[in-house]
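I would like the entire structure built from these sequences, with the hints used as guidance.
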Amino acid sequence: MKNVLTVDVEEWFHPEALQNQFPMDSWPDQKKRLEPLIERLLEAFDVHRARATFFVLGWVAEQNPQIVKKIVAAGHEIASHSYAHRMVTKMSPDSFDQDLKKSIRVLEDIAGVRVKGFRAPTFSITGQNLWAFDVLAQNNLEYDSSIYPIWHDRYGMPHAPRTPFIFESAGGKPIVEFPMPTIRIGNKNIPFGGGGYLRLLPLWFTQYAIKKFNREGHPAIIYMHPWEFDSDQPRVPLGRLQSLRHYGRIKRNFNKLERLLKQFEWMAMEDYLTLLKKEEKLSVKKLNLITK
1 MKNVLTVDVE EWFHPEALQN QFPMDSWPDQ KKRLEPLIER LLEAFDVHRA
51 RATFFVLGWV AEQNPQIVKK IVAAGHEIAS HSYAHRMVTK MSPDSFDQDL
101 KKSIRVLEDI AGVRVKGFRA PTFSITGQNL WAFDVLAQNN LEYDSSIYPI
151 WHDRYGMPHA PRTPFIFESA GGKPIVEFPM PTIRIGNKNI PFGGGGYLRL
201 LPLWFTQYAI KKFNREGHPA IIYMHPWEFD SDQPRVPLGR LQSLRHYGRI
251 KRNFNKLERL LKQFEWMAME DYLTLLKKEE KLSVKKLNLI TK
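Per the UniProt record's numbering, the sequence shown runs over residues 1 to 292.
Careful: at least some of the hints might be erroneous.
Cross-link-like lysine-lysine pairs, in silico, DSSO-like; alpha carbons within 27 Å at most [as the list claims (entries may be wrong)]:
| # | residue 1 | residue 2 |
| --- | --- | --- |
| 1 | Lys116 | Lys277 |
| 2 | Lys32 | Lys256 |
| 3 | Lys69 | Lys116 |
| 4 | Lys262 | Lys251 |
| 5 | Lys281 | Lys2 |
| 6 | Lys69 | Lys262 |
| 7 | Lys262 | Lys212 |
| 8 | Lys2 | Lys211 |
| 9 | Lys277 | Lys212 |
| 10 | Lys188 | Lys212 |
| 11 | Lys173 | Lys281 |
| 12 | Lys212 | Lys285 |
| 13 | Lys102 | Lys70 |
| 14 | Lys116 | Lys2 |
| 15 | Lys116 | Lys101 |
Treat the hints as calculated values from the structure; they're not laboratory data.
Listed below in structure tokens is the structure:
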């Protein structure tokens, strides 16, 4: 069984944890570190014949169009990670719509391909802003991968389905949701295979969790940010817990990734979407009563 490989393409100063230190008007003044990191990932994916989806920030695409073109030339999928990396929970439907439209326009103009999918910054589609699905549908997107069925202080929807499903927007247009992967331990959903969970949890646990998820009949969706492989990035003073979350075990992360690339086979989100449609395994789920 192939699993799903995804990259959230943003600079080191874009994460929500650093937004107080780096508001958007300061971004042009920051040193860009993204391109060599993308090139390193593309090389690793090529060696292991892994296809991925790159959820690209529109601002990044405008500043570095060559990055998007390299990703497309390597045969990977381009999807949206928004334009300005604002959490959807902090936006109105109108402001989210404007941001999404801008990101799609920028990405499609540069990549020359249609954008089918979206992942919200900081997984910020929750039980409190399900109107976001209406906006996604109105912009003719086919899928979303923003729901994390866990509890977290910034995001999460712990009672959401753990596997892909169809959400029907208010206008009746279906959106396929690809929740981020969890395994059940006791009565809790435990996250694995992405971001800080990939960096901080031992490799054996990630390997175990992927295999368990596969035994349940589902590909696991793995995600990463390029800055999570950059041990030389500028360090911003953060609290102890936030520093651990953000910078913990970055030096070891690429080795972990390479071992996962070697051990498993990988496909892009659009490949998984095609597979699910072909096998007719998707069902409609209601999220209107699910709250954080």
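Here is how each hint holds up against the structure:
Using a Cα cut-off of 27 Å, the hinted pair Lys116 and Lys277 holds, with the two alpha carbons roughly 15 Å apart. For the hint pairing Lys32 with Lys256, the CA-to-CA distance comes to about 25 Å; that is within 27 Å, so the pair holds. Our distance criterion of 27 Å between C-alpha atoms is met by Lys69 and Lys116, whose separation comes to about 17 Å. A distance of roughly 19 Å separates the Cα atoms of Lys262 and Lys251; the hinted pair therefore holds under the 27 Å criterion.
With a C-alpha separation of about 16 Å, the suggested pairing of Lys281 with Lys2 holds against the 27 Å cut-off. Restraint check for Lys69 and Lys262: satisfied, since their Cα atoms lie roughly 26 Å apart, inside the 27 Å limit. For the hint linking Lys262 to Lys212, the alpha-carbon distance of about 18 Å falls within 27 Å, and the restraint holds. Taking the CA atoms of Lys2 and Lys211, the gap is about 11 Å. The hint holds against a cut of 27 Å.
With a C-alpha separation of about 23 Å, the suggested pairing of Lys277 with Lys212 holds against the 27 Å cut-off. Distance check on the hinted pair: Lys188 and Lys212 sit about 15 Å apart at the alpha-carbon level, within 27 Å; holds. Distance restraint check for Lys173 and Lys281: the Cα-Cα separation of roughly 18 Å lies within the 27 Å cut-off, and the hinted pair is therefore satisfied. Under the criterion of a C-alpha separation no larger than 27 Å, the hint pairing Lys212 with Lys285 is consistent with the structure, at around 24 Å.
Of the supplied pair hints, the one linking Lys102 and Lys70 holds, its CA atoms being roughly 21 Å apart against a limit of 27 Å. For a cut-off of 27 Å, the pair hint linking Lys116 to Lys2 stands: about 20 Å separates their Cα positions. A threshold of 27 Å between alpha carbons decides the hint, and for Lys116 with Lys101 the separation of about 12 Å falls inside it, so the pair holds.
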